[in-house]
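Next come the chains, spelled out residue by residue.
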Amino acid sequence: MIRSAVVSDPIDVVALTQEAASPSAGATAIFLGTVREQNEGREVTGIEYSAYEEMAVKEMRSILDEACSKFGLASAIAVHRTGELAIGEASIAVVLSHAHRGPAMDALRYIVDETKSRAPVWKLEHYIDGSREWVGSTGARHP
Amino acid sequence: MIRSAVVSDPIDVVALTQEAASPSAGATAIFLGTVREQNEGREVTGIEYSAYEEMAVKEMRSILDEACSKFGLASAIAVHRTGELAIGEASIAVVLSHAHRGPAMDALRYIVDETKSRAPVWKLEHYIDGSREWVGSTGARHP
Amino acid sequence: MTVTVRLFASYAQTLGRSAVDIETPEGATVEDVVAAILAMPGGDRLPPRPLVAVNHSYAARGTVIGEGDEVALIPPVAGG
Amino acid sequence: MTVTVRLFASYAQTLGRSAVDIETPEGATVEDVVAAILAMPGGDRLPPRPLVAVNHSYAARGTVIGEGDEVALIPPVAGG
Chain A
1 MIRSAVVSDP
11 IDVVALTQEA
21 ASPSAGATAI
31 FLGTVREQNE
41 GREVTGIEYS
51 AYEEMAVKEM
61 RSILDEACSK
71 FGLASAIAVH
81 RTGELAIGEA
91 SIAVVLSHAH
101 RGPAMDALRY
111 IVDETKSRAP
121 VWKLEHYIDG
131 SREWVGSTGA
141 RHP
Chain B
1 MIRSAVVSDP
11 IDVVALTQEA
21 ASPSAGATAI
31 FLGTVREQNE
41 GREVTGIEYS
51 AYEEMAVKEM
61 RSILDEACSK
71 FGLASAIAVH
81 RTGELAIGEA
91 SIAVVLSHAH
101 RGPAMDALRY
111 IVDETKSRAP
121 VWKLEHYIDG
131 SREWVGSTGA
141 RHP
Chain C
1 MTVTVRLFAS
11 YAQTLGRSAV
21 DIETPEGATV
31 EDVVAAILAM
41 PGGDRLPPRP
51 LVAVNHSYAA
61 RGTVIGEGDE
71 VALIPPVAGG
Chain D
1 MTVTVRLFAS
11 YAQTLGRSAV
21 DIETPEGATV
31 EDVVAAILAM
41 PGGDRLPPRP
51 LVAVNHSYAA
61 RGTVIGEGDE
71 VALIPPVAGG
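So the sequence lines, in the order shown, correspond to chains A, B, C and D. Numbering follows the working numbering, with no gaps: position 76 of the first sequence is 76. Numbering follows the working numbering, with no gaps: position 15 of the second sequence is 15. Numbering follows the working numbering, with no gaps: position 41 of the third sequence is 41. Numbering follows the working numbering, with no gaps: position 26 of the fourth sequence is 26.
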């Protein structure tokens, strides 16, 4: 099972974990990105995520395929959520399974890092003083 | 929240994830060890886990404390299950949260690897031909 | 030909819209499309070399745009 | 003094029990306790240098065992 998605509803980690389960897997590794109450010293009240959905799904799928060929995964699922998220809510979930723990955790890192730097998703942070700001990396690695 | 446990009931990953949640955390990393249908070429029907419980709890707690001081975790929970497990069931869960994703995944690997090599837990694999065998590492790193 | 360029996040906010139509000659490249957008009113508030996607993949600056291609400017990403 | 040594997993199976009582002089070390167990009937089927825990922590071979300490032989671990 290899699947990427952009969703607007809360991410159901249990369902994803069941979806990624495999009798050949000895290891399941999961990453959840959650909204923090603070960023670079400013108090955050929530984050509005937006995405170029078709491209985000495609780019995340490419990353999962890359991870499968690098690490030999039994399954890999990446889901990014968009919309208004409150503190503690999950914006991204990566769930994968592998026969062995080492490559499972290697693959988790690969998928999370690549998704953060390549998936066309943006966040508008809302601060306690009512201001809002786009947060972003330079994305300098791309052509 | 720092907690280690040895349990006989199935591991509830959702409850552990909620327990590890923190408003200061931007990343939650989870590892589940699951029973594989095969090990070293032999078809496995299930695994019976046993533990030196008091010591396993203490050793896992030491490992979590080490990870907290190395990586600065918001929370960390490690639970090992004992008893008869079927294919696909989780024998171990490590759930932790951290402000940032990099150290969250570093800490996950540290805790999982150390638990595997130090926690006094044993597995008796059951094979399809009815035979059983103790599976183990040499544990050569200990005094 | 007319190329529709999709805009997102801070770029959409900067230009006050989620897409712009650009008139380009046949054989126009990503570079040409970017230059046309930067020359629009407000375009000077975009970075000089924004990332561009063509048909949902990151595209090099020399990539030739064809009729019907989906082009988008991609602000610095911040997923996860 | 009497030291009770707990046995687990393959070691418990090898010796057919989950604990053995060993008589040792005051000042006996982990090494001495291990030697006593290896000298028991069936002890030759244990590895020559098994890991030992004292009071729920791995212990070096020179560690002195005190009255009431909980001692255990630890087979190769295989958690997770």
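I should point out that these hints are in silico values taken from the structure, not numbers from a laboratory. Glycine included, each C-beta is placed from N, C-alpha and C at the ideal position. Honestly, I wouldn't trust all of these hints.
Stretch-level coverage of chain B by chain D, calculated; a stretch enters the list once three of its residues show a Cβ under 8 Å from a Cβ in chain D [what the hints assert, rightly or not]:
no.: 1; segment: 47–56
no.: 2; segment: 120–133
Listed next, with one range per pair, are the computed distances between beta-carbon atoms [stated by the list, open to error]:
no.: 3; chain 1: B; residue 1: 1; chain 2: A; residue 2: 43; range: 15 to 25 Å
no.: 4; chain 1: C; residue 1: 68; chain 2: B; residue 2: 2; range: 51 to 61 Å
no.: 5; chain 1: B; residue 1: 102; chain 2: D; residue 2: 70; range: 46 to 56 Å
no.: 6; chain 1: B; residue 1: 102; chain 2: D; residue 2: 16; range: 45 to 55 Å
no.: 7; chain 1: C; residue 1: 26; chain 2: A; residue 2: 69; range: 42 to 52 Å
no.: 8; chain 1: B; residue 1: 2; chain 2: C; residue 2: 64; range: 50 to 60 Å
no.: 9; chain 1: B; residue 1: 2; chain 2: D; residue 2: 66; range: 48 to 58 Å
no.: 10; chain 1: A; residue 1: 69; chain 2: B; residue 2: 133; range: 32 to 42 Å
no.: 11; chain 1: B; residue 1: 86; chain 2: A; residue 2: 131; range: 16 to 26 Å
no.: 12; chain 1: C; residue 1: 66; chain 2: A; residue 2: 131; range: 38 to 48 Å
no.: 13; chain 1: C; residue 1: 27; chain 2: B; residue 2: 18; range: 52 to 62 Å
If you only want the chain D side, here are some residues facing chain B, beta carbon under 7 Å, derived [said to hold, decoys possible]:
no.: 14; residue: 8
no.: 15; residue: 9
no.: 16; residue: 47
no.: 17; residue: 50
no.: 18; residue: 74
no.: 19; residue: 77
no.: 20; residue: 79
no.: 21; residue: 80
Hint check results:
Closer than 8 Å: that is the beta-carbon criterion, and the segment 47–56 of chain B has 7 residues meeting it against chain D, so the requirement of 3 holds. Counting residues of the segment 120–133 of chain B whose CB lies closer than 8 Å to any CB of chain D gives 5, which reaches the minimum of 3, so the coverage claim holds. Range check, residue 1 (chain B) to residue 43 (chain A): about 23 Å between beta-carbon atoms, so the 15 to 25 Å window is met. Checked against the hint of 51 to 61 Å, the C-beta distance between residue 68 (chain C) and residue 2 (chain B) comes to roughly 57 Å, which is consistent with it.
A beta carbon spacing of about 40 Å between residue 102 (chain B) and residue 70 (chain D) contradicts the range 46 to 56 Å that was offered as a hint. With their beta carbons about 50 Å apart, residue 102 (chain B) and residue 16 (chain D) fall inside the hinted range of 45 to 55 Å. Roughly 37 Å separates the CB atoms of residue 26 (chain C) and residue 69 (chain A), a value that falls outside the hinted 42 to 52 Å. The hinted range of 50 to 60 Å is satisfied by residue 2 (chain B) and residue 64 (chain C), whose Cβ atoms lie roughly 57 Å apart.
Range check, residue 2 (chain B) to residue 66 (chain D): Cβ separation about 30 Å, and the 48 to 58 Å hint is violated. The given range of 32 to 42 Å is respected by residue 69 (chain A) and residue 133 (chain B), whose C-beta atoms sit roughly 34 Å from each other. The hint said 16 to 26 Å for the Cβ distance between residue 86 (chain B) and residue 131 (chain A), and at roughly 53 Å that hint is violated. Checked against the hint of 38 to 48 Å, the pair residue 66 (chain C) and residue 131 (chain A) passes, with Cβ atoms roughly 42 Å apart.
Distance hint check for residue 27 (chain C) and residue 18 (chain B): the Cβ-Cβ separation is about 57 Å, which falls inside the suggested range of 52 to 62 Å. Given the 7 Å rule on beta carbons, the hint for residue 8 (chain D) holds: about 5 Å separates it from the nearest Cβ of chain B. Residue-level restraint check for residue 9 (chain D) holds (minimum Cβ-Cβ distance to chain B is 4 Å; threshold 7 Å). At a threshold of 7 Å, the smallest CB-CB gap from residue 47 (chain D) to chain B is about 9 Å, leaving the interface hint violated.
Hint status for residue 50 (chain D): violated, given a least beta-carbon distance of 9 Å to chain B, over 7 Å. Annotation: interface hint on residue 74 (chain D) holds; nearest CB of chain B at approximately 5 Å, less than 7 Å. A distance limit of 7 Å between C-beta atoms decides the matter here; for residue 77 (chain D) the minimum to chain B is near 5 Å, and the interface restraint holds. Look at residue 79 (chain D): its Cβ gets to within about 3 Å of chain B, closer than 7 Å, so that hint holds up.
Below 7 Å, beta-carbon pairs count as interface contacts, and residue 80 (chain D) has one with chain B at about 4 Å; its hint therefore holds.
Of the numbered hints listed earlier, those contradicted by the structure are 5, 7, 9, 11, 16, 17.
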